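S.K.: Fit chain B to the given chain A structure using the hints.
The lines below spell out each chain.
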Amino acid sequence: MKRNKNRPPITLLPMALWTTVFVAVPLVYVLGLSFMKKAATWGVVAEFSLDSYKNLLNPVYLKVFAQSFWVAILTTVFALLIGYPFAYFTAKLPKKHRSLVLMLMLVPFWTNSLVRIYGWMILLRSQGVINGLLMQFGVIDKPLKLLYTFGAVLVGMVYALLPFMVLAIYNSVCKVDWSLVEASRDLGAGRAKAFFTVTLPLTMPGVMAGCVLVFIPSVGLFFISDLLGGAKTMLLGNLIKNELLSAKNWPMGAALSIAMMAVTLLVIRLYQHFSRDQNLEGLL
Amino acid sequence: MKNSKKRLARLLCAAMAAAMVLAGCNSSGGNSSSSSAGQGGEEQVLNIYTWADYFPADIVEEFTSTTGIKVNYSTFESNEEMLMKLEAAKGGQYDLILASDYIIETAIQKELVGKLDTQQIPNFQNINPAFQSKYYDPTNEYTVPYAAGIPLIIYNPELVDFEIKGFEDLWNPQLADSIVVMDDARNVIGLTLKSMGYSLNETDEAVLGQAKEKLMALKPNIRALDYSTPYNLMISGETAVGYMFTSQIITALNENPDLKVVYPEEGLGFGIDSCFVPSDAPHKENAYKFLDFILDGERSAHISEETMYINCNSAATPFIKEQALVIPDEMIEGAEFMMNVGEADELYQQIWTEFKMS
Chain A
0 MKRNKNRPPI TLLPMALWTT VFVAVPLVYV LGLSFMKKAA TWGVVAEFSL DSYKNLLNPV
60 YLKVFAQSFW VAILTTVFAL LIGYPFAYFT AKLPKKHRSL VLMLMLVPFW TNSLVRIYGW
120 MILLRSQGVI NGLLMQFGVI DKPLKLLYTF GAVLVGMVYA LLPFMVLAIY NSVCKVDWSL
180 VEASRDLGAG RAKAFFTVTL PLTMPGVMAG CVLVFIPSVG LFFISDLLGG AKTMLLGNLI
240 KNELLSAKNW PMGAALSIAM MAVTLLVIRL YQHFSRDQNL EGLL
Chain B
0 MKNSKKRLAR LLCAAMAAAM VLAGCNSSGG NSSSSSAGQG GEEQVLNIYT WADYFPADIV
60 EEFTSTTGIK VNYSTFESNE EMLMKLEAAK GGQYDLILAS DYIIETAIQK ELVGKLDTQQ
120 IPNFQNINPA FQSKYYDPTN EYTVPYAAGI PLIIYNPELV DFEIKGFEDL WNPQLADSIV
180 VMDDARNVIG LTLKSMGYSL NETDEAVLGQ AKEKLMALKP NIRALDYSTP YNLMISGETA
240 VGYMFTSQII TALNENPDLK VVYPEEGLGF GIDSCFVPSD APHKENAYKF LDFILDGERS
300 AHISEETMYI NCNSAATPFI KEQALVIPDE MIEGAEFMMN VGEADELYQQ IWTEFKMS
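Order-wise, the sequence lines are chains A and B.
Numbering that gives the first Met the number 0 puts the first sequence at residues 0 to 283.
Numbering that gives the first Met the number 0 puts the second sequence at residues 0 to 357.
Simulated from the structure, these hints should not be mistaken for lab results.
Treat the hints with caution; some may be incorrect.
[Claimed, not checked] Think about it this way: if two alpha-carbon atoms lie no more than 27 Å apart in a straight line, the pair counts; the simulated DSS-like pairs of lysine-lysine are:
1. B/Lys218 / A/Lys141
2. A/Lys62 / B/Lys211
3. A/Lys240 / B/Lys109
4. A/Lys174 / A/Lys91
5. B/Lys283 / B/Lys213
6. B/Lys114 / B/Lys84
7. B/Lys84 / A/Lys240
8. B/Lys288 / A/Lys240
9. B/Lys114 / B/Lys320
10. B/Lys283 / B/Lys133
11. A/Lys62 / A/Lys174
12. B/Lys288 / B/Lys109
13. B/Lys211 / A/Lys53
14. A/Lys174 / A/Lys94
15. B/Lys259 / A/Lys141
16. B/Lys164 / A/Lys240
17. A/Lys36 / B/Lys109
18. B/Lys218 / B/Lys164
19. B/Lys218 / A/Lys62
20. B/Lys69 / B/Lys211
21. A/Lys36 / B/Lys213
22. B/Lys84 / A/Lys144
23. B/Lys213 / A/Lys62
24. B/Lys211 / A/Lys240
25. A/Lys240 / B/Lys133
26. B/Lys283 / B/Lys109
27. B/Lys213 / A/Lys144
28. B/Lys164 / B/Lys213
29. B/Lys259 / A/Lys144
30. A/Lys36 / B/Lys84
As the structure is a prediction and not an experimental result, all values here were calculated from the model.
Bound conformation, chain A alone:
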């Protein structure tokens, strides 16, 4: 009895092994790689160097960072604006309809995301569904350029990550004690005031968790900007892929990955601080 107290249960072993082999070891490999030098033609030279990290300050790379974060911020904001009302009203539906709505939202996400993005390409292209309908109804007489624009990238990103936002907020709206809202109404608060002073603060943990869950992946996604943006917008994910595969500069790719992970950690730190959710339970 006493002995067991400090020893982790043996059932954790597979998990520990898994994390060591597939998470810890590759991470250490990437970290090590980032301090090496690119060999002249191929591969790396095992020589300590900070060149890759110095290179991060190259204005072009800084611009990629800035653009990535700009896209990630916009994605998060739009996902929040669409996701909050959606989650709020879904949570207030009768139980029977609730699960139906959630099902309808989740089922498409069982399809490969690449396939769904191709679906967007069919909708957006110049002879696609949207332009076809608009022309049919005489709204426009020449197809609009919808595909291969910054807007198309944003639409794709928001679309791909919206469920994370909705589910996080939905969970916290479900937990709201509605008698508190009623009390505020009884005490004379209008609908809007009751929402902003009672409901919103109560659902804040869900909002924060949703923002983190949308922001972090949107920094690293690369195929959406390739497919919907015509590869003209370069995000951090594209840059890393490019450094590793086209430029064959592995240390640079590794250093960029490390920098990206550092930023991700920072975001999670901020989340921990502001949500007081030390164990990150809200993100599960």
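M.R.: Below, chain B alone, put in the same frame as chain A:
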């Protein structure tokens, strides 16, 4: 403070050491599989490594049914990925690899490519000499050319009001937001260099600087960058002009025969994808059998119909049916190979990143 610095240094050292060990592990993994090959009769297996669908499936099946040799077809996405894996396997594991010229040059330098025993490939003599003795294999000891390609300009005369003759026309302001080019640094900077009268393989920093400035001026005309499916944009009318590889040009022409193909007057770029047998291939004899099999004239003609690249086989000529695009021989003569540019590659990539960010 001091303590934490020390700890950090120790951590970094450990990380680097671990990375080196891992890299080492990586490169010793592939050898074991070669031991199963006996001295005389080989195991009836052939491990092919190339892009998906590059060897037509029916050819592979026919090979298995006539020889009884089972084919394991594994695929890579890029030449670079292939070299990475082949290096890790120390030239073993695979029996036959089909990849591009410039990467084969590097692979030969790294001694990962075995010399061909042409005695075992009677059909080796069928190869059209126009596609042999190239820079990556000047004495034809290592490679069998499989398919050749030339990137060309294609445009939709319904959407373009003037005649496009060469690369320089791509800068025409009338083409604003209507061109698709491959998402590839070397090819697009290459066309810029060609339009200025320089070589595709320029390494001079000052010249590349000028090319960069000119390239930036092309950005307003670029609608999309697409390496693998640019023909879709030409077929759907999304773009009016495209610069793409031969097989992609033919795909677009098959769907829309009204599209016009341009042989840029400034000169052409050129590439050959070739087969080679890795230095430590476990089933070399089977690889030779396969090479001989695909070098047969009729089969070779069938292959180039499927892949839509330029055929490199003289014996295939009588069997080739009419194609959507026939590139004249004199064009091929004058075309310039895209070669390794060594250290300048980094500069190319940097220009490309800046171009995409502009």
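S.K.: Tell me the numbers of any earlier hints that the structure contravenes, in ascending order.
M.R.: 5, 8, 9, 11, 16, 20, 21, 22, 25
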